[in-house]
Amino acid sequence: MVSILGKAKLGEILVWMGYVRPCDLETALLIQNQCPNLIGETLICQGYITRSQLEEALDTQAQAHYVDLIEHQSTVIIESDNNRWDYMRHGCIPWRKDPHELTIATSRYTPAIKHWAEKCFSVRRRIRFVLARPQHIFENLRMSYAKADIQHAVSHLTTHHQEFSFYAWYHQPGGWIGHHSMLLMCVFTSLIIFFLLFPCGIFFFFLAVMNVFYLVMLGSKLYLMLKRNQTMKAMPIAPSLLTSNKPSSASPSHPPLSVSLIIPLRDEAAIIPQLLRNLQTIDFPLSHLQILIPVEADDASTIEALHNHLLPPHIIPLYVPPSIPRTKGKACNFALHYVIHDLVGIFDADDLIDPQHLNRVVMQFAQEPTITAAIQCRLNYYNAQQNWLTRMFSLEYTLWFDYLLPGLWHAKAPIPLGGSSNFFRTMVLREIGAWDPYNVTEDADIGVRLARLGYRTALSKTLTLEEAPLHLRTWLKQRSRWIKGHLQTYLVHMQSPDILFHHLGFKGFLWLNLFIGLPCIGHMMVPILWLAGIGYPMLSHLFHFPDLPLVLHRLTVAVLGIGLILQAFMAWCAHPPRHIKDYLAIITFPFYWLLHAIAAFIAFIELIHRPFHWNKTPHAGCRTFIESKRKT
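In my numbering, the protein residues as written are 1 to 632.
Just so you know, these hints were derived from the structure itself, not from any lab. Think of the CB as a built atom: it goes at the ideal place given N, C-alpha and C, for glycine as much as any other residue. Treat the hints loosely; a few may be bogus.
Unchecked claim - FRET-style restraints, in silico, Cβ to Cβ:
#1 Arg21 to Asn82: 29 to 37 Å
#2 Arg610 to Arg21: 41 to 49 Å
#3 Ala269 to Arg610: 24 to 32 Å
#4 Phe601 to Pro285: 44 to 52 Å
#5 Trp388 to Val551: 34 to 42 Å
#6 Ile202 to Gln495: 23 to 31 Å
#7 Pro355 to Gly535: 47 to 55 Å
#8 Thr159 to Ser496: 56 to 64 Å
Use the sequences and the hints to build the structure in full.
This is how it looks when you write it as structure tokens:
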């Protein structure tokens with residue numbers, strides 16, 4: 001016989017049920033000590049709970065005993081997932097079973113749970129309830145479904161949406177090269193013949209092409225920037241959402257949308273305290289909020305750091321069974337099985353989330369048409385002034401999220417989502433196959449996929465701050481992963497250009513090539529153009545190379561000059577200078593893009609040798625933030 005650990009206190013039950021925050025309960029207990037009263041009445045007087053919530057908690061306390069599901073796990077074998085959604089929605093799991101009685105562990109005892117249990121099980125046996133922590137219930141559910149869930153997380157897109165899977169593209173019969181062998185053979189043979197006949201001509205030809213491509217790449221970004229003001233005025237975001245400090249409200253006929261957040265962790269033990277403090281500041285009804293934290297099951301340090309904190313009931317760790325690939329997309333897919341709310345939001349461990357962030361997103365989704373399946377919020381860095389590299393990165397993010405993405409939105413082009421602070425309608429996310437676990441920028445890929453399937457992505461002005469890499473080595477690893485992921489996204493969606501054109505139309509097809517495909521190659525063009533424009537005359541004199549045609553040399557120098565001016569202009573627009581440091585940042589910003597060439601070469605090598613490898617970005621967390629503040 002398993003021991004029952006006794007009755008739970010009313011305050012604990014209210015916290016488990018998500019009706020009261022732990023800090024609010026502590027405040028109520030202090031008030032109760034000064035002015036003796038029942039804790040339930042004190043909570044009502046302080047406006048923390050309603051009378052109906054108190055009655056529900058009292059009923060739960062009266063009906064159920066508390067058990068520890070970690071020490072005394074469920075012994076009921078769940079043979080199918082027919083009732084899985086009900087288990088998660090009601091926060092319960094079958095715990096003990098004999099021929100005459102079924103005991104169900106639940107985090108709350110409500111009439112809805114009682115009615116559901118009687119309808120499903122009472123025909124066969126008597127129903128009894130015990131009370132357990134929500135995290136323990138989800139952990140028992142995870143253990144029951146883990147094998148099927150991880151297999152689904154890894155293989156579902158490849159199996160059911162093969163045309164959108166990078167794994168399927170990479171392993172298609174004969175390989176991609178074999179599939180296009182005739183075309184590649186013709187191109188390669190033509191290049192060899194041309195090179196043998198005109199050894200210098202082929203270099204001059206490609207140099208001219210690179211000049212054109214580089215100008216087109218910069219010109220497209222300038223076009224998007226010029227559209228920015230028109231775009232930001234047209235974006236359907238109510239100005240009140242930017243200043244309101246009150247939670248969203250809805251009429252009885254339109255209940256507020258509920259939100260599940262997924263925050264994947266990997267080797268993040270040092271940042272756990274900052275993350276949990278930040279999550280506690282979110283101002284959103286706890287009954288409509290779920291926070292899932294998927295962690296690799298063999299990440300002992302992060303799991304230990306989580307165990308060292310008493311987590312509120314709406315924050316639920318999920319231990320992901322170790323498997324290949326070890327990517328963020330796979331972790332998010334695994335967590336998606338446990339999402340119970342209308343919207344899914346993605347954040348990173350280092351994000352500083354605005355307390356009103358969820359309220360604004362929920363209100364915007366309520367105003368958007370149902371065809372809007374995702375919302376991307378703005379991102380930037382809280383340690384932007386740490387050093388030259390972080391200032392450059394912050395400038396780039398300002399350009400990306402405040403200028404270029406709004407320009408794409410105005411052009412009705414696919415929007416490559418950022419890796420954090422984006423939200424989805426849960427039903428749509430499941431319908432399209434969720435994230436690609438083999439794409440190392442699963443966010444950009446899913447943005448393109450949504451556009452191809454007829455959905456729209458909206459933009460939000462709400463800002464989330466995260467941590468910029470401090471060191472060049474860390475930056476190169478992160479940036480090479482991004483470029484590799486954009487290459488993966490481009491290759492997958494361009495494998496059938498005619499179908500892609502049909503899905504996106506001319507403008508969407510054009511912008512996908514200009515904004516995702518061209519920059520991946522364009523980054524590697526920059527050092528070649530610099531070498532041809534500045535270094536080639538010296539090299540030709542030393543090594544007796546043929547001289548560049550005068551027109552081509554002048555064109556290359558002019559293109560480089562235009563590029564420097566345009567990049568400095570874009571940096572000026574993104575962050576108008578106020579101090580000497582700002583002017584220095586704008587002047588040196590064009591040279592920051594030379595670093596992208598190194599990252600692009602690394603990305604191309606990894607695409608061949610380690611296509612599924614995820615370069616993890618380490619985080620220093622609040623320590624970096626404090627140091628940056630001290631410097632300023």
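To see whether the hints hold, each was checked on the structure:
1. Arg21 to Asn82: 29 to 37 Å: About 35 Å separates the Cβ atoms of Arg21 and Asn82, which means 29 to 37 Å holds.
2. Arg610 to Arg21: 41 to 49 Å: Holds, since Arg610 and Arg21 (Cβ atoms, about 44 Å apart) stay within the stated range.
3. Ala269 to Arg610: 24 to 32 Å: 26 Å, holds
4. Phe601 to Pro285: 44 to 52 Å: At 49 Å between Cβs, range holds.
5. Trp388 to Val551: 34 to 42 Å: This hint holds: roughly 37 Å between Cβ atoms.
6. Ile202 to Gln495: 23 to 31 Å: Given a distance of about 28 Å, which is inside 23 to 31 Å, the answer is holds.
7. Pro355 to Gly535: 47 to 55 Å: 53 Å, holds
8. Thr159 to Ser496: 56 to 64 Å: 19 Å, violated
Comparing the model with each earlier hint shows a violation of hint 8 alone; every other hint is respected.
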